[in-house]
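Take each chain as given, in its own frame, and dock them per the hints.
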Amino acid sequence: MADLANRDGLVDYAKSLDCIHCGLCLQSCPTYRITGLEPSSPRGRIHLMRAVAEDRAQATASFVEEMEFCLLCRHCESACPAGVRFGEMMEHTRSRISTHRGLGARLARWFGFRVLLPNRRGLKLAAFLLRLAQKGGVLRLLSKLGGRFENLRYLPPVPTGSERRPLPRKNPGRAPERGNVALLEGCVMPELFGKVNRDTCSVLNVMGYGCALPARTVCCGSLHAHNGDLDGARNLARLMIEDFEALGYLPVVVNSAGCGAHMKELHHLFEPDDPWHARSRAFAGRVQDLTEFCAENLDSANLGPVDEKDWPAPVTWDDPCHLCHAQGIRAEPRTLLSAIPALQAVDLPDSEHCCGSAGIYSLLRPQASGEILRTKLEALESSGARTLVTANPGCQLQWQSGLLRRGSEVRVAHLAEILASSLAAD
Amino acid sequence: MKTLARELKAILGQAGVIDDPTRLVPYESDGLALYATRPELVLLPRDTDQAARAMAVLARHGTPVVARGAGTGLAGGATPVENGVLISTARMRDILEVDPEDRFARVQAGVVNTQLSEVCRGHGLMYAPDPSSQMACTIGGNVANNSGGPHCFKYGATSRHVLGLVLVTHAGEVIDLSGPWVDPQGLDLVGLFVGSEGTFGLATEVTVKLVPRPPVVEVLLAIFTELEAACDAVSEIIAARLQPSALEILDRLTIEAVEQSVFAAGYPKEAEAVLLIELEGVETEVSGSQQEISAILNKHGVLSTRSARDASERRDLWAGRKGAFGAMGRIAPDLYVADAVVPRTKLRALVRRTVEICRERNLKLANVFHAGDGNLHPNICYDRRDPDEVRRVLEAGRLILETCVEAGGSLTGEHGVGLEKREEMEIAFAPEDLETMCRVRDAWDPDRRMNPGKLLPMRACMELRTPSPRA
Numbered sequence: 001m002a003d004l005a006n007r008d009g010l011v012d013y014a015k016s017l018d019c020i021h022c023g024l025c026l027q028s029c030p031t032y033r034i035t036g037l038e039p040s041s042p043r044g045r046i047h048l049m050r051a052v053a054e055d056r057a058q059a060t061a062s063f064v065e066e067m068e069f070c071l072l073c074r075h076c077e078s079a080c081p082a083g084v085r086f087g088e089m090m091e092h093t094r095s096r097i098s099t100h101r102g103l104g105a106r107l108a109r110w111f112g113f114r115v116l117l118p119n120r121r122g123l124k125l126a127a128f129l130l131r132l133a134q135k136g137g138v139l140r141l142l143s144k145l146g147g148r149f150e151n152l153r154y155l156p157p158v159p160t161g162s163e164r165r166p167l168p169r170k171n172p173g174r175a176p177e178r179g180n181v182a183l184l185e186g187c188v189m190p191e192l193f194g195k196v197n198r199d200t201c202s203v204l205n206v207m208g209y210g211c212a213l214p215a216r217t218v219c220c221g222s223l224h225a226h227n228g229d230l231d232g233a234r235n236l237a238r239l240m241i242e243d244f245e246a247l248g249y250l251p252v253v254v255n256s257a258g259c260g261a262h263m264k265e266l267h268h269l270f271e272p273d274d275p276w277h278a279r280s281r282a283f284a285g286r287v288q289d290l291t292e293f294c295a296e297n298l299d300s301a302n303l304g305p306v307d308e309k310d311w312p313a314p315v316t317w318d319d320p321c322h323l324c325h326a327q328g329i330r331a332e333p334r335t336l337l338s339a340i341p342a343l344q345a346v347d348l349p350d351s352e353h354c355c356g357s358a359g360i361y362s363l364l365r366p367q368a369s370g371e372i373l374r375t376k377l378e379a380l381e382s383s384g385a386r387t388l389v390t391a392n393p394g395c396q397l398q399w400q401s402g403l404l405r406r407g408s409e410v411r412v413a414h415l416a417e418i419l420a421s422s423l424a425a426d
Numbered sequence: 001m002k003t004l005a006r007e008l009k010a011i012l013g014q015a016g017v018i019d020d021p022t023r024l025v026p027y028e029s030d031g032l033a034l035y036a037t038r039p040e041l042v043l044l045p046r047d048t049d050q051a052a053r054a055m056a057v058l059a060r061h062g063t064p065v066v067a068r069g070a071g072t073g074l075a076g077g078a079t080p081v082e083n084g085v086l087i088s089t090a091r092m093r094d095i096l097e098v099d100p101e102d103r104f105a106r107v108q109a110g111v112v113n114t115q116l117s118e119v120c121r122g123h124g125l126m127y128a129p130d131p132s133s134q135m136a137c138t139i140g141g142n143v144a145n146n147s148g149g150p151h152c153f154k155y156g157a158t159s160r161h162v163l164g165l166v167l168v169t170h171a172g173e174v175i176d177l178s179g180p181w182v183d184p185q186g187l188d189l190v191g192l193f194v195g196s197e198g199t200f201g202l203a204t205e206v207t208v209k210l211v212p213r214p215p216v217v218e219v220l221l222a223i224f225t226e227l228e229a230a231c232d233a234v235s236e237i238i239a240a241r242l243q244p245s246a247l248e249i250l251d252r253l254t255i256e257a258v259e260q261s262v263f264a265a266g267y268p269k270e271a272e273a274v275l276l277i278e279l280e281g282v283e284t285e286v287s288g289s290q291q292e293i294s295a296i297l298n299k300h301g302v303l304s305t306r307s308a309r310d311a312s313e314r315r316d317l318w319a320g321r322k323g324a325f326g327a328m329g330r331i332a333p334d335l336y337v338a339d340a341v342v343p344r345t346k347l348r349a350l351v352r353r354t355v356e357i358c359r360e361r362n363l364k365l366a367n368v369f370h371a372g373d374g375n376l377h378p379n380i381c382y383d384r385r386d387p388d389e390v391r392r393v394l395e396a397g398r399l400i401l402e403t404c405v406e407a408g409g410s411l412t413g414e415h416g417v418g419l420e421k422r423e424e425m426e427i428a429f430a431p432e433d434l435e436t437m438c439r440v441r442d443a444w445d446p447d448r449r450m451n452p453g454k455l456l457p458m459r460a461c462m463e464l465r466t467p468s469p470r471a
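Chains as they are written, first to last, in my numbering: chain A, 1 to 426; chain B, 1 to 471.
Hints are supplied without guarantee of correctness; some may be wrong.
Some, not all, of what chain A presents toward chain B, calculated at C-beta under 10 Å [to be verified]:
# : residue
1 : Cys25
2 : Gly36
3 : Ser41
4 : Arg43
5 : Ile46
6 : Arg56
7 : Thr60
8 : Glu66
9 : Ala82
Calculated directly from the structure, the hints in this document are not laboratory data.
Here a beta-carbon is modelled for each residue, glycine too, at the ideal position from N, C-alpha and C.
The following block holds chain B by itself, in its conformation from the complex (with noise of 0.2 Å):
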């Protein structure tokens, strides 16, 4: 390690190196602090030209590499491996070029996803995907984990909004698909790069999509004294082919938590459930779906409705649904947060489930979720020092998911697989899928030193793969 290091400084100077023991201690995980390993340096490269120097010496020295956004990710996507390096893209965080005619933008991997729509809010733009980490949260992270976020209901996660990628291989080279394609040529590798989680190689700069601002935003409060009433009034609202920008659903536990918090918003504390409703469009198309979703709401009982006032209060509403898993710290010093994906015409059945499956096994469950989505975040408090409790709250995850995918839905909604849920690809795919994935990824990454270990199960990449070049 030490002469790695040593030519590595030669590349990115000694502050684009971390090797000191006590430093590397707070990158031993991401936002999922359940798992941790200490990776043996922390490099941050400054552009495109240093990151593909960097894996150039890294592939000289067969050592496997981890990516690491702002570390927010909720599924282990970036903890470090055995034996490996972690490239942080905390340097990399220039806007490169804003072009407001052509409506994109171009920046560097680890431009925080909040700067990117603050710089494009003075011309009237904004980049759409919101994930509630936005605040910290980089566009490269983004993309390898084809992040969501609430307004994605309407226009689409990450992968809807990348035009371009410039990527730097396992070995260092440098492939520029900075576009902008609206529609890529040829075969869509930009398409096929996002959402791959850091497997495929490192994004160092992405092209991104903007979108008009809305002309006019109403966001409605719905309060519910019945967490699966206001499921079935999400069902309806979508059944009844209504799009409104968002539908986000908060239950009682994350409400009082939220409340408590610098977040506090005003939601209702004696709610058993809140629904938050955002419209978009202009004037007269935004007050003719709250009529229709203002009767949908009293059809399913809802306790009372109300419009935010202003901006202010539109930002605090969201502020606080944002802040939600941060909140949830008052309740215990860990949170899981589940992220499966179910049919919206079975959120009430499947909501219950989850509540259910938490009770008896005696875990606190806080729901909060993109319900337009049919996006559930189950969200478990828990205390990694008790290992019983750790073992039930895996437990519980590992029969929610089951349980959605049974039901129709998918393992993941935003979060990505990473670490967290590989094991369950198996509960989703064939060991056939498998094996195509592992191809996929091998043509990417022969020798496997990517992100190894993540997105898909080991057992399926070790036995099934064809032989690696390596072996």
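Only chain A is shown next, with the shape it has when bound in the complex (with noise of 0.2 Å):
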């Protein structure tokens, strides 16, 4: 019916008429809690992007601000009854809306997106110069210019380069008796986490498995698909299921939250009819979250005691949103808390509520971003926990970076690096 100003496809109009208009969402919503604006909530943006489309309201700068603003943590999903694919709306006119940007913010995301992120030497090199830029003071500096620059001086400090050495494209383990699991490395989290991908390594194999690791594969695209670059998301979607299956349709195990949602759902990226929407819909149905698989497959009589040291107790357990809106994963991670021996957990109020890091939002949307935080910092604090666990490299570095921000002493770890301590223990 009405599709009038919708020409150039603007809006995914058919899905924005499953919104009943019902509000169910609002509170789930980050940047609704944070402002209390309607047109900043997901019944707001469902409601402009319809108007949008029915030609009562015109796409304007406001529109792709509102856009933009939202995180994309789809806690909404998990508050819809009518079951609206947000997630999938945002994407699609968040890839339709780049030519509302103008000159240099494009000349930035082509940098990032199609040079950087997909080329580990280019990613090597940044983790570089960051590490020398924190060590020469050059962030400090900067952080003085204030605004934006701010933040800077609380990124948790880069890893020393043998922290960074890349994971061994082959990881037998002491005796892989229960095959081989495919890995996805990561973007960012060879360099960043390069101890959270060798503790998933050696927690495989503790249970058995030994890991493959593709040849070519860096980025998996999520970045690309949320921040509406969707034939990025293409191109690295296809080079990634070739490079996967080269390695012989083995489970698929991805311990970075963001990312397992994306490889979960790459069918969404290909039309119905195109042959790669079979080729990634079989692809999706091995990929598994470490939190998934571990729960599965983790003989808990193996675990012991986590190192207090390293570790100090209570723990809390942190959800990611792309772990439990996205993929429904809840129960795993505390299962596999609950089974550590003598480990004290308690529970953070909220833990379903978005860390404000969202990607490469906190870095995009400073403010907010450290706004959204605030309130999951409290909940922290009242919690009385000492190390959180989360299980996704995105969230662990913005829990860090607040943490530092606060002169707090509470420890960040991801769940693969408990599980590891536990695995270790005699």
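Structure below.
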């Protein structure tokens, strides 16, 4: 029916009709919670999309702003009784509003998404330069400029060169009697969280699995899809699927919730009659988050006490949005933590609320991101936890940076680190 | 509007006044998206003082004002009016005081219903009224509509739970009636204000009663192969002087929608209707009434009855019930939720009549309702882009209301009159009654700038009223 202003397909109009305007999503939305504004809520954004598609509103700069203000945490999908596929709608609209961006923004996006992220050497160089700038005090100086630069001070230190070494392509472990799994190393993970990747490998090895890594895949393309570069995401998806298929149709284990969520939904990138649609569906069927894989396959008899020096008790679990809302994984990490002997765990209030990381959102919108994190930090303090456990690099960075800024002693761990510590205990 | 916006920004700050045309669009409707009017401005005061100063400015400009909580209302009570501004309470969300010993709480109007209950939980208390939209709707909105909810069957609707209010009048004066008064002194202005749908003024702070959480709660799920048999069972439970804390009926179409959603709770998809019964109290009380209720259910041919296993299943069953309206989005883009009350002895006949009315007009109907209160919610699925369907829906809605009023019922159970049922007020009230209501309204708002055109029929207030001071 009415779809007048939507000639260039700015809005996924059919999906927008699923929203019945009940408003149950409002309190789930981090941007609504900080602003109290209807246009900054899921229902409001859908209302705007539909109004644009029906030619009752213009796709103005404010429209673009409200679309980009969203963190794509997808908490609203967990609250929506009508099953509105908000994430897909938002990715669609963001991919079509690219023409509304300025030249500078387009150049920066091209460099970030097309040059830097898919390129291991580029990422290595960036990490090296960032470490140099941190060591040499350049970031401290830059942060004095204030505004967007102020946060640079609280960027957790980039690990040393040896910490940043990549995983070996084959990691058979001592006795891979249960066979191999394929592992996604990730784009930023090896540079900032090399230890998490090594711990992931060692956990899988102790479980009896060897780890195989794809030859060429660097970035899965989730950042591209969330930020409106669907073409870039498609290119990376094809490369990744081929690359993983070459390893022999192994289960694909992912330790980053954002990547895993994207990899399970790759088929949304392709039209149903595109051969890549079926191929990516088959691929998605093999993808498992590390928490899922471990909850199913880890023998809890092997778990020992966690090293208190590294990870002081009590610990608490913070649900990464793309684990709980996008993948529906809630029980598994809690089951794993509760299986660790003598581990004192406490509940984190509102653990399903977004921490404000959202991929590169925290870099693009430090103020909003910080405000969203603030209530999370308050919840953490009220819980009394001394170690916060999560399973996504963005969340890990966000928490680390927020705690650093507060001068807090609370440690941040990836679940793989806790499991590795528990499995290493005698 | 430009000078008005400038004056208001001086009071509320840049962020407290929305005047960007694009950002105003999502405010054009509340939970009833059939009606849409763009506001000129949206104001977001942070407290009573800011609200009062803003209202004084609006009074000086003679600007119509509509208040909005979370915009979840289903009768268009928060639909903006032409050339008017919208005051949103979304930034007035502080819990000001919780007094567990005296069992009351004082909150700003924009506090979300469940948020209040969460805060009280630690004290073994709760705020009883629980509208289905409680995870989003605000206490201020609940006050405006005298909102209900499943548990109001036992505890009563919002008016029974409001102990005090802080109000801002049309002129920007603050009236402090914050109490808490269990029994108001003098004329009960608080009682008068609750349910006035934003036509008397703006409530900025609310003092509410907190009640103890029951020691034992049991939820029964009774499955029926016939909707009418479920209705009969409810009528008999009421007649038998039993007092469950909630009695809810969901029909087959509702169950199908809920079970496909994130709120799937394990409602049996093969049932024609389920009756959800909550019992609470001390152990012996609960088990005693459970036996009596089981006997009644059996008499009416219940297929099976079971108790929820634990707190988490009870929570799921309620979440499914409360997500029912939203879940209907799976069936059609829009939903018309009628809201009428009928004598509980006549449930069977009137539910049957609503089914017939919709069938005759080729409309898809789902029934989910507060059976214990006799509060029907015939949910009619439609698409607002289809004018003929909209016409048939509105016709069916009016006919259903007429039928219910004729049978001795009332126009609204808990959603308010708003825009939707304004004209139907004439079915329930004689012209003299409406004139009296207009006079009461004029006492609060002589300029008729507060939520104009809502609640009372246009004609009644235009023709029957005493001469307007501005006329």
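Each hint tested on the structure:
A least Cβ separation of about 8 Å between A:Cys25 and chain B falls short of the 10 Å threshold, and the interface hint therefore holds. A distance limit of 10 Å between C-beta atoms decides the matter here; for A:Gly36 the minimum to chain B is near 3 Å, and the interface restraint holds. Hint status for A:Ser41 relative to chain B: holds, with the closest Cβ pair at about 8 Å, below 10 Å. For the restraint placing A:Arg43 at the interface with chain B, the shortest Cβ-Cβ distance is roughly 7 Å, inside the 10 Å limit, so the hint holds.
Annotation: interface hint on A:Ile46 holds; nearest CB of chain B at approximately 9 Å, less than 10 Å. For the restraint placing A:Arg56 at the interface with chain B, the shortest Cβ-Cβ distance is roughly 7 Å, inside the 10 Å limit, so the hint holds. The restraint placing A:Thr60 at the interface with chain B holds, with a minimum CB-CB distance near 5 Å, inside the 10 Å limit. Because the beta carbon of A:Glu66 sits about 7 Å from the nearest beta carbon in chain B, less than 10 Å, this interface hint is met.
Look at A:Ala82: its Cβ gets to within about 3 Å of chain B, closer than 10 Å, so that hint holds up.
Violated hints are absent here; each numbered hint is respected by the structure.
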